[in-house]
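Note that the protein sequences, when read in sequence, are chains B and S.
Just so we're aligned: 40 in our numbering is position 40 of the first sequence, and the numbers increase by one with no gaps anywhere.
Just so we're aligned: 194 in our numbering is position 194 of the second sequence, and the numbers increase by one with no gaps anywhere.
In short, the hints are calculated from the structure, not lab data.
This structure is a prediction, so every number in the text was calculated from the model and none was measured.
Just so you know, not all the hints are guaranteed correct.
To be verified - Simulated crosslink set (BS3-like; lysine-lysine; CA at most 30 Å straight-line):
#	chain 1	residue 1	chain 2	residue 2
1	S	K224	B	K57
2	S	K242	S	K224
3	S	K197	S	K242
4	S	K304	S	K242
5	B	K57	S	K180
6	B	K27	S	K251
7	S	K42	S	K180
8	S	K197	S	K260
9	S	K127	S	K86
10	S	K242	S	K260
11	B	K27	S	K260
12	B	K27	S	K86
13	S	K86	B	K57
14	S	K180	S	K75
15	S	K224	S	K180
What follows is the residue order along each chain.
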Amino acid sequence: MTASAERQVTEDDRVRLAPGVMLRLDKVRNHWQLLGPERVLILDEVALDVVRAATGKPVTVREAIDDLARQFDAPRGDIASDVLDVLTDMIARGFLTR
Amino acid sequence: MTSCGTTTGVEPPLAVLAELTHRCPLRCVYCSNPLALDPASKEMDTATWCRVLDEAADLGVIQVHFSGGEPTARKDLEQLVEHATKAGLYVNLITSAVLLDRERLARLRDAGLQHVQIGFQDTMAGKAEVISGFPGGHPKKLDVAREVTDLGLALTVNAIVQRHNIDRVNDFIDLALELKAGRIEIANVQYYGWALKNRGALMPTREQLVRMDEAVRARLPELKGRLVVDYVVPDYYASRPKACMGGWGRKFLNVTPSGKVLPCHAAETIPGMAFDSVTERSLGDIWANSAAFQRYRGTDWMPKPCRSCDQKEVDWGGCRCQALALTGNADNPDPVCDLSEHHGVLAGIIETDGGTAETPFIYRSFSL
Ligand code: SF4
Ligand code: SF4
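Throw the hints in and build the complete structure from the sequences for me.
So, in structure tokens, the structure goes:
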């Protein structure tokens, strides 16, 4: 259990927002953020696209990466490892869960 | 953005602590609410709270914490949660849980509630109920905590730590895991309000704090990705103060049951402060211009040695209420700072109040 919680996200995983986490546009500060219990994570454009692709619909991380590669017209290999790192980090901080 | 202490450049607040009522069925010996509580007849009505929530959202507030007292003692809590959610606020509920049940939790969730924080006085029922003065409270809290996660809401276990339970910090962490909490807040008792009366019966020793710190740190790697751990080591034993509330009038505001707006929960203990009320001025006007917020905002108010210190925009001179409680003057640097001429008073308090003895508790009475 311990090892699985810490492990790097893989393309076979499915991730979703953790309980009590919501994606919100802050109109006063003009940025998107993930809100959780007593926490705020400000999302830049890339992080926002990753969160949307991976949690917006019930897809595997693999499918989310495919979507992003198409969306940015970028080589899949270039973005895959970044996406996995971003998702792993957001899980470690309690914003996402698998 | 600016440290000049004027109204220009005041950033929007992040969070509001909405103290809906001072009524509470518990009698926690560490309660930080003031000695003089607002009676039910002075509580603001639903419509006024709704206006305050709208003003908070317009001002840029992101999260609202419904608190008290016991916020679920308000029958209009569902309405307030729904209103806050519609205004775009993230809604937290800070509760003792003893008045809740599954039906009400489900209604609150449907109204938009995201997160429930339940205070635990111990991991053992008998000991917990001595601290809360509420027989039967502990098993009830456990039941409600399970309903919270079962309903898909986020749960925080708030472990309120003092001399009698601090050696069981590992049990608190296990309890949080067992209850499927996403977060644990390990909160050492802060000695304000009623808690100050019981400081001599609650304050732990330095050795206990060191042991707690080691125990928590040892578990952090294993908890990563499973349980968010927020914990604050009490600064009575530290050499530099904390940025209380992220700096006075910088991030937070606190609305009392009767509508007074405070820069922090304990600010009413400071003499000579005039607090504005949302019944007379808008929240935005109070945040930007109220004398209470201006008084210690930024760095202009600072005495020596803060004035010339490179930490002044890091800790903002520490906690004003602590400066008051321990040096007799809220204008002083927080005496936790070892650069403060009053730093020595801490040693005296640790000597007289820090300990493991079974000093009797003093309970307050306030009925629903
Ligand atoms: S600390 Fe205890 S007595 Fe005070 S408001 Fe909270 S639950 Fe009630
Ligand atoms: S002198 Fe003042 S600003 Fe400097 S560390 Fe101490 S409390 Fe903070």
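Right, here's what the structure says about each hint:
no.: 1; hint: S:K224 <-> B:K57; verdict: holds, 26 Å
no.: 2; hint: S:K242 <-> S:K224; verdict: holds, 25 Å
no.: 3; hint: S:K197 <-> S:K242; verdict: holds, 23 Å
no.: 4; hint: S:K304 <-> S:K242; verdict: holds, 18 Å
no.: 5; hint: B:K57 <-> S:K180; verdict: holds, 25 Å
no.: 6; hint: B:K27 <-> S:K251; verdict: holds, 17 Å
no.: 7; hint: S:K42 <-> S:K180; verdict: violated, 38 Å
no.: 8; hint: S:K197 <-> S:K260; verdict: holds, 24 Å
no.: 9; hint: S:K127 <-> S:K86; verdict: violated, 41 Å
no.: 10; hint: S:K242 <-> S:K260; verdict: holds, 25 Å
no.: 11; hint: B:K27 <-> S:K260; verdict: holds, 27 Å
no.: 12; hint: B:K27 <-> S:K86; verdict: holds, 14 Å
no.: 13; hint: S:K86 <-> B:K57; verdict: holds, 24 Å
no.: 14; hint: S:K180 <-> S:K75; verdict: holds, 28 Å
no.: 15; hint: S:K224 <-> S:K180; verdict: holds, 14 Å
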